[in-house]
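> For reference, the chains in residue letters:
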Amino acid sequence: MVEFCITKLAPMSARFRLPQPSQENRAKQSAYANIGLGLLLGGVVATPVFLFVARSVPLTALALSAVLLGTIALFLDKSLPPVPPRAAQLLLESGLANLSGLLEETGVTATAVYLPSILTEGRPRALIPLSSHDQWPTVSQINSQRLIVEFGPHPDDVGLLVSTPGGGALSLLDERIGSTSAELESALTKLLVGAFDIASTVQVDQEDGLVTVRVGGIRLNTGDLWVYRILGTPVASVVAAVVAEGRKTPLVVESEARTKDVVTVRLAVTG
Amino acid sequence: MRIYNRYLLVLATTFTLSTTLLATYGQDRLDAYFTAYVIEYLVVTLLFVYLDQRTRRLLDGLGYVLFGGFLMIVLFKVLEILRRS
Chain P
0 MVEFCITKLA PMSARFRLPQ PSQENRAKQS AYANIGLGLL LGGVVATPVF
50 LFVARSVPLT ALALSAVLLG TIALFLDKSL PPVPPRAAQL LLESGLANLS
100 GLLEETGVTA TAVYLPSILT EGRPRALIPL SSHDQWPTVS QINSQRLIVE
150 FGPHPDDVGL LVSTPGGGAL SLLDERIGST SAELESALTK LLVGAFDIAS
200 TVQVDQEDGL VTVRVGGIRL NTGDLWVYRI LGTPVASVVA AVVAEGRKTP
250 LVVESEARTK DVVTVRLAVT G
Chain Z
0 MRIYNRYLLV LATTFTLSTT LLATYGQDRL DAYFTAYVIE YLVVTLLFVY
50 LDQRTRRLLD GLGYVLFGGF LMIVLFKVLE ILRRS
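Heads up: the protein sequence lines correspond to chains P and Z, in order.
Quick note: the first sequence uses numbering that gives the first Met the number 0, first residue 0, plus one each step.
Quick note: the second sequence uses numbering that gives the first Met the number 0, first residue 0, plus one each step.
Chain P on its own, in the form it takes in the complex (with noise of 0.2 Å):
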């Protein structure tokens, strides 16, 4: 028990500690934290002068709404990501490179069918056959968390079951996705727009067993990667993986295209 203890309390090798950003380096970072402390400490300054010193009720209100700025600007502050969004730029990038190579050198050319989390036993995953066919694959129940499972019942019904960008995100959302436009267009625009606010509007249209989603004011630029092609970008991931998961039917990503700001994703329904 001592030895534990000891163990405990002994200081991490510097090699191994991660840096952590004190406070004062991240209010000196983000520009809420600026904008709050001077709202926040000029409006605490200049309310009693406006109030007996000028006498001057509207002129207190003014600081006293300066105040109320101010304290927002600093739970705007505290709400901040931890991880600034270029690192985590980058962090996605870099794991998709990786997924990317691996695809690349095994030869996968079959586009991932997203599956949703009842036909995964857990978190939402894609599935990327191994051998491509002319027709999408019909997936049933997956009991296998492993990398390489199989999903139906012939020999070649073999694929890859992967984590993907949009299964991660859906960690993201509280409530549970409805399969109607309005629900997913709301669960979307929460996402896209509130918690990655990489876009500006969602906009969800379905027609027999095809959705169409339009993405607009997009600040999300992907390079090519080959894993892009298969999953398709970051956005239709998202978009695959949220649509998946209302719908609880497995889709693939059957289109994307981008003019200047708007993405439009076309989904197919394959169950």
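Which bits of chain P does chain Z cover? Going by a derived footprint, with three or more residues having C-beta under 8 Å, they are:
#1 73–79
#2 184–195
Short derived list, chain Z residues pointing at chain P, Cβ under 7 Å:
#3 ILE2
#4 TYR3
#5 THR18
#6 ALA22
#7 TYR36
#8 TYR49
#9 ARG53
#10 LEU57
To be clear, the hints were calculated from the coordinates, so they are not data collected in a lab.
By construction, the Cβ of each residue, glycine as well, lies at the ideal position given by its N, Cα and C atoms.
Position chain Z relative to chain P; hints supplied.
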């Protein structure tokens, strides 16, 4: 975080507009301005429905505090009316 910028900008604009409007009409009660700010804050925060969960929780907390302030003003008003009668 453009959605945060937009949120702050909308709030700052509404606060400034309501202050100007109330001042133009000669309003000289501080509680009237505060009530206007609280209502504006609650409405604008409600309209920004796509703010992420953590931000929403923090802003909701501030909303409760401001609403508490608003209730205090109402309470003082009621006491004032009762004292007069």
